[in-house]
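A.B. asks: So you can see what is in the structure, the chains are spelled out below.
2 protein chains.
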Amino acid sequence: MKKTSKILLSEKEMPRQWYNIMADMPNKPMPPLHPATREPIGPEALAAVFPMELIKQEVSTERYIDIPDEVIDLYKMYRPAPLFRAINMEKAIGTKSRIYYKYEGGNYSGSHKANTAIAQAYYNKQEGIKRITTETGAGQWGSALSWACHHFGIELLVFMVKVSYHQKPGRKLLMNSYNARVVPSPSTMTESGRRILEKDPDSPGSLGIAISEAMEIAVQDPYTKYSLGSVLNHVILHQTIIGQEALLQMEKADDYPDVVIGCFGGGSNFSGIAFPFLREKLANGKNIRLVAVEPASCPKLTKGKFMYDFGDSAGMTPLLPMYTLGHNFIPEKIHAGGLRYHGAGVLVSQLLKDGFIEAKAKMQRECFEGGVLFARTEGILPAPESTYAIAGALDEARKADIEGVSKTILFNLSGHGHFDISAYEKYFEGNLPDHEMTATEVDAAIANSEI
Amino acid sequence: MKKTSKILLSEKEMPRQWYNIMADMPNKPMPPLHPATREPIGPEALAAVFPMELIKQEVSTERYIDIPDEVIDLYKMYRPAPLFRAINMEKAIGTKSRIYYKYEGGNYSGSHKANTAIAQAYYNKQEGIKRITTETGAGQWGSALSWACHHFGIELLVFMVKVSYHQKPGRKLLMNSYNARVVPSPSTMTESGRRILEKDPDSPGSLGIAISEAMEIAVQDPYTKYSLGSVLNHVILHQTIIGQEALLQMEKADDYPDVVIGCFGGGSNFSGIAFPFLREKLANGKNIRLVAVEPASCPKLTKGKFMYDFGDSAGMTPLLPMYTLGHNFIPEKIHAGGLRYHGAGVLVSQLLKDGFIEAKAKMQRECFEGGVLFARTEGILPAPESTYAIAGALDEARKADIEGVSKTILFNLSGHGHFDISAYEKYFEGNLPDHEMTATEVDAAIANSEI
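Residue numbers (this note's numbering), protein chains in the order written: chain A, 32 to 482; chain B, 32 to 482.
Just so you know, the hints here were simulated from the structure itself, not pulled from any lab data.
Any given hint could turn out to be false.
Which copy is meant is left open, so a pair is good if it fits within one copy or across any two.
Once the Cα atoms are required to be at most 30 Å apart in a straight line, the calculated DSS-like pairs of lysine-lysine come out as [stated by the list, open to error]:
{"#": "1", "residue 1": "K122", "residue 2": "K283"}
{"#": "2", "residue 1": "K283", "residue 2": "K107"}
{"#": "3", "residue 1": "K43", "residue 2": "K127"}
{"#": "4", "residue 1": "K430", "residue 2": "K312"}
{"#": "5", "residue 1": "K430", "residue 2": "K37"}
Produce the entire structure from the sequences given, and follow the hints as far as they go.
C.D. replies: Structure follows, in structure tokens:
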């Protein structure tokens, strides 16, 4: 093992292709179904919503897909992203294991979301799109897409969940700084928004409602498309640049992970780091564990049901085969806003079902405890989402120490927490609630979301 | 010129020495004077406040000073720092000039302050110091020193100007996350604080008061020292790593700056980038301009008086020969908190007096306009302080275009603005006041600060 704590790649070493795990999956995912007819749908059904190139990627079974030169050039603003060995944190907990992390917060958006925002804005621009609509919760995805759209001269309209819009003014202002228009959702701009507001003028909004609003605007105009920041296959494809780089960096460190860990919301940052390593397991027989860490208050992977469900509350999206808590489920208001989503992406769901990846659930307070330890030792204040990956890594190190073995642990530090500092304030004040969803609550949530 | 927009150095290429401009100054600065006797003082007079190694650096005339291995190792967490060519911003303004920037915000503190915080904490630790006190305004310095002290097992007590403590909770919480104790100043912990509070229980505090409080605590205990984040020679020495790297990076870019620009508060980030280039001018006859950009509301360099003055309001520091607006001057509450200081460091003051560097003053709104342009094109939301350097660079590019020439412009982007987003909100709302200090106001301020 090298002694250095930072493992860099040169720009020349940056991978030029995304990796598509569909090519190596023993069982391919079941097809999406039409929301009304319940019949399998083809790619053409998505043409009103996404540009063709992204639809092609959504259904592609090619193992590798070339990253366009213009996207590579923009990736070079902040990529290759560094991989660090957490030497100071290892010392602090006195572990015999080696803990590495890939840091994806060192870019204009502060999270891994930039990797797909740049690609999506690029493909939309190529197809002459003038305007994009999207939704955002905590705002990481919204900020990522804001700069990318501005760069390509595309207007961006962001529906931001109303409760976040008021609680997280920093992220909203960052989107404004990048020239996006941000509207609190539910809004009066759309039929879906107005319908909600008629029933409940004080509705705090939800990701599901915001998705419906954004899609409603997009389908009305051929030069407007909709963009999603997680869950879908093409989004996950773009994030594999993370794991593709990490593979090379682990090689440079002369080490190899026994376990790769990511926090889990819709699946994009976990899949981004894990899938290239999973390829080594599926295609080359490498012995490696992949662990997704989700909130105990939103446990779709560990307690949810594998079934066809909608991606949004209003039922406008195709039905997808996924682990879900039901599309009507409203998760507790934990600070990891990016992990508050009812379902898991199709690829991760199938791979979990087939036993190729693992999942575990963690409580919020323990994750923040890990986050503060990490900040004090490694000098990066993690996003609340990323603290779940940290807590997962600490679990693995402690388990190995109890077993008297030394493991190599790699996790994805998906973003920084500069705009989430009030969550840390609550933690320090002892005002951070813990909530674990019970099996009964899960059953009730799923029963409440019949399709 | 290379086509790439990012110019990196490998860890091996990172300079191993700081540069001390004292060695190359044609006129050395006049000596500091004892605050009471007005006689020149020697280094021993500072022994109650600073560790010996820093005092030696404060008065050293050696051209180069080795960076200790342990400091190098910590620098490697985030150094070498990247140098970018601002290709997108160049395009946006249609200039024929090439604009480069060195980015110092990509570390745990979010600004260049980490470069000296790590060094100062290290030297204090070497001399057995258990506790450090300091002051902070906007909080960049306080956050930088917090992590560094925690890393070396030193307790840190930060006196934070009360108005900032309440207005900028993000920075205060970042310091807490890094395990520092933060006290709003004036406080009841010190004689100086209590004296102020007796007169005015609602005092908003000032940097001068906070310095007095921090120094008062430090001198009471031999294991407690005081630490300052700008102005002094040893602080500026540590920051020269910025310019030392930038010199190598400009060489890699196959280009050379006609002008080097930094924003100006006490002088540490400007000097950090400018002094290594100034060495090339003083020692090797290179034709290059060095421009410090200060706020029009705190114009010590462009309108202040060169004279002996105190570093703090209470008159506890030695008297230093500097450009100043008077130590009792309270600047307007502009958002660039780091530039709200009445005086300029001794080295910069002498060099400005001797005509080796230039200074200019800018208004707040124009700087934010430049900051937003920069964020939208280059993808980094700049600290309010750094927007002054951006505005200075834009001035140079526009001037060159009017003259029909192409210049190479380099500026220091000293930090990011993630914790200053409310300042951008005010800018977007049109609520950012402009203030230019008149010659009469300057005269009055200086008259109000007789020594």
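A.B. asks: Determine for every hint whether it applies to the structure shown.
C.D. replies: These are the hints, each one checked on the structure:
For a Cα distance limit of 30 Å, the shortest separation of K122 from K283 inside one copy, 22 Å, qualifies, whereas the shortest one across copies, 37 Å, does not. For a Cα distance limit of 30 Å, the shortest separation of K283 from K107 qualifies both inside one copy, at 20 Å, and across copies, at 17 Å. Taking CA atoms no more than 30 Å apart as the test, K43 paired with K127 passes between copies only; the shortest distance there is 29 Å, against 34 Å inside one copy. In this homomeric assembly, K430 and K312 come within 30 Å of each other (Cα to Cα) only inside a single copy, at 23 Å, whereas the closest approach across copies is 59 Å.
Only within a single protomer do K430 and K37 lie at most 30 Å apart by alpha-carbon distance; the minimum there is 25 Å, versus 42 Å between protomers.
When held up to the earlier numbered hints, the structure conflicts with none and fits them all.
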